[in-house]
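**Student:** The chain contents come next:
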Amino acid sequence: MSDSDGSEGSEYNLGASEYLIYRVLMERREQDNQETGRTKFFKLSCLTDRKLIEEFEINIGFPRHWYKYGEVVEEHSINQSVIFSPSANHQQGQAYYPANQVSEADFDLEEDLKNAIFSAANSVVQEHGQKTRKQLEQLQYREYAHEGFIEKYSDLRWHLSAESQAREGGIQSLDAFMEGPSQTELFLDEMFLAYPEDEYDELYEYYLTWDDTMRMLVEEDSHPGRQLAFLEFFIEKLSQVTLRFKYRQNIPEDRLEDWRNERPSQIQELDTRLESVRQGLIDERPTSDIFYELAESYDEVILTGANE
Amino acid sequence: MTDNAFLDKGLVLGFCFPVDLHHRLCRQYLEDEAREFYLTEDIESIYAAKKREKIQAHRTAVLKHVRYIEQNYDSEMGPMDLQEVRRRLDRRSNDAWKYLKHYYEGKQFANPRDVVDDLREFARGMESHVSSRKDEFDELVEIWTREEDYPDLEESLRSIREDKEEDYWVCVDAHDLGERTSDETELATTDLDDLANGNRQKLIIENTSVDSVEAVAFTGS
Chain W
47 MSDSDGSEGS EYNLGASEYL IYRVLMERRE QDNQETGRTK FFKLSCLTDR
97 KLIEEFEINI GFPRHWYKYG EVVEEHSINQ SVIFSPSANH QQGQAYYPAN
147 QVSEADFDLE EDLKNAIFSA ANSVVQEHGQ KTRKQLEQLQ YREYAHEGFI
197 EKYSDLRWHL SAESQAREGG IQSLDAFMEG PSQTELFLDE MFLAYPEDEY
247 DELYEYYLTW DDTMRMLVEE DSHPGRQLAF LEFFIEKLSQ VTLRFKYRQN
297 IPEDRLEDWR NERPSQIQEL DTRLESVRQG LIDERPTSDI FYELAESYDE
347 VILTGANE
Chain B
3 MTDNAFLDKG LVLGFCFPVD LHHRLCRQYL EDEAREFYLT EDIESIYAAK
53 KREKIQAHRT AVLKHVRYIE QNYDSEMGPM DLQEVRRRLD RRSNDAWKYL
103 KHYYEGKQFA NPRDVVDDLR EFARGMESHV SSRKDEFDEL VEIWTREEDY
153 PDLEESLRSI REDKEEDYWV CVDAHDLGER TSDETELATT DLDDLANGNR
203 QKLIIENTSV DSVEAVAFTG S
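Protein sequences appear in the order of chains W and B.
Taken in order, the first sequence gives residues 47 to 354; the numbers are from our numbering.
Taken in order, the second sequence gives residues 3 to 223; the numbers are from our numbering.
These are calculated hints, taken from the structure and not from any lab test.
The model shown is predicted, which means the values in this text are computed figures rather than measured ones.
Cβ atoms here follow ideal geometry from the backbone N, Cα and C, with glycine treated the same way.
Careful, some of the hints might be misleading.
[Stated by the list, open to error] A few chain W residues that face chain B, going by a derived Cβ cut-off under 7 Å, partial list only: (1) I104; (2) Y113; (3) V287; (4) T288; (5) I328; (6) D329; (7) D345; (8) V347; (9) I348.
[Said to hold, decoys possible] Here are the simulated lysine-lysine pairs, DSS-like style, with alpha carbons at most 30 Å apart: (10) K66/B - K114/W; (11) K292/W - K136/B; (12) K136/B - K52/B; (13) K103/B - K52/B; (14) K114/W - K180/W; (15) K56/B - K109/B.
Build the full structure now, drawing on both the sequences and the hints.
**Tutor:** Here it is as structure tokens:
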């Protein structure tokens, strides 16, 4: 029987999405003896699905969405029995392999569909399979980032990651040689202009606070690793609250419902951490002169509602 | 002479938020060394929530304006530009327009970079001002923990309770302070229209162990 949505079929209940994953992992196994980490597995699978849609004009309903630094596979919506994922030996997290108990015969799909998936997976793995995780992430956000803002924050992330390594290695950072605003500040400026407030309206005000707080971290020359963590924290919340809803394909309704239910607590976490990091930085600073210069009109405003 | 004073939320807000005017009155009141000043954890929580709400609202208003400047000006702003910015602020309904307009007063030219830096510093200054004032305030007061609910007060202070539940509990807290300490107890409030109006004052003094109600407020008239 033919089945393209994975709802029925062989004893493992395997459909086209499972076959795509299986083929990507098989191709990777045949390509070299290197481990395939989670990020690489996600990126190669999403690229294969894109190729199927764009070049083969076949849409198999593969579940994927944007998350932090690129597209990921929505694993909960896929039958995991095609994957074998022990802890990785050479990197953090898991390594992904095709499951040994599954074979080609378990995928009861039309021959044409199977051939298309086979050939898309083969071509994607040939082209990108040996790229590093970083190269794959860069490829994805340069080619497929939905908003300039995503591209900008990814640039800042790479920059801070390099700065952080330089600082750890005792090397003077690039920023130390810059006249005027640092590279980090320039990236922050680009992000500031690019934030799509109508599209990502739910976190807009949090973003403004994040941005200003991040600038304080930069001004006090905090460790770039701390700045990087603060950036990643914001991007994670933005992904959970906004990005994965905006940029997604074939996410089942029950999964979306879970995401919706998680939203309030994710926003709460964002709020709490932003305020606490900011308070810590504020407490270290004297009150600025400019504040006292405008105190008279500030008082007029702040007193309204003081007794509410 | 009164020895103990129970503070309502207006005193902590009035001490910490405004730079001058109202702050000065609250400070004067709190600097009377012959007294002990008390407030409850409840008032602390009300303060914390209010602070968060106010700070976030003002910070956001300032930062949105900062973004507007960043998005629209990349070279020196002349008289026409500044006039346009002021006009825009006039049309704004958010609270920050007053001090932002004050900021632009008298300026003929401005470098947008400086404007952005100044206004970011303003937003941060607003927050550090409140924080340092709160630290000072905490040095002057003690936390009071009420041990009983005094259900008898429910009837006698019914009108206060029906009007504003929060005020009722302030009276109960102040009553508890009066009951459990030997000296005179004053309830200090900035709430001229409610707790400190003539009828309410009388009601409180007659029915609780509060001996006096003091209005610490800048009336402006």
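**Student:** Now look at each hint and say whether the structure bears it out.
**Tutor:** Hint by hint, here is what the structure shows:
Among the interface hints, the one on I104/W is violated; its C-beta lies about 43 Å from the nearest C-beta in chain B, farther than the 7 Å criterion. The closest approach between the C-beta of Y113/W and any C-beta of chain B is roughly 26 Å, which is over the 7 Å cut-off, so the hint fails. A cut of 7 Å between beta carbons decides the hint on V287/W: the least distance to chain B is about 17 Å, and the hint is violated. At its closest, the beta carbon of T288/W sits 18 Å from a beta carbon of chain B; the interface hint therefore is violated under the 7 Å criterion.
Contact between I328/W and chain B, as hinted, is supported at the beta carbon level, the nearest pair being about 5 Å apart and thus within 7 Å. Restraint check, D329/W versus chain B: the minimum CB separation of about 6 Å is within 7 Å; hint holds. At its closest, the beta carbon of D345/W sits 5 Å from a beta carbon of chain B; the interface hint therefore holds under the 7 Å criterion. The criterion of a C-beta within 7 Å of any C-beta in chain B is met by V347/W, whose closest approach is roughly 5 Å, and the hint holds.
A least Cβ separation of about 5 Å between I348/W and chain B falls short of the 7 Å threshold, and the interface hint therefore holds. Of the supplied pair hints, the one linking K66/B and K114/W holds, its CA atoms being roughly 25 Å apart against a limit of 30 Å. As the CA atoms of K292/W and K136/B are separated by approximately 42 Å, the hinted pair breaks the 30 Å bound. Distance restraint check for K136/B and K52/B: the Cα-Cα separation of roughly 13 Å lies within the 30 Å cut-off, and the hinted pair is therefore satisfied.
For the hint linking K103/B to K52/B, the alpha-carbon distance of about 25 Å falls within 30 Å, and the restraint holds. Under the criterion of a C-alpha separation no larger than 30 Å, the hint pairing K114/W with K180/W is consistent with the structure, at around 13 Å. A C-alpha spacing of about 28 Å is found between K56/B and K109/B, which places the hinted pair at or below 30 Å, so the restraint holds.
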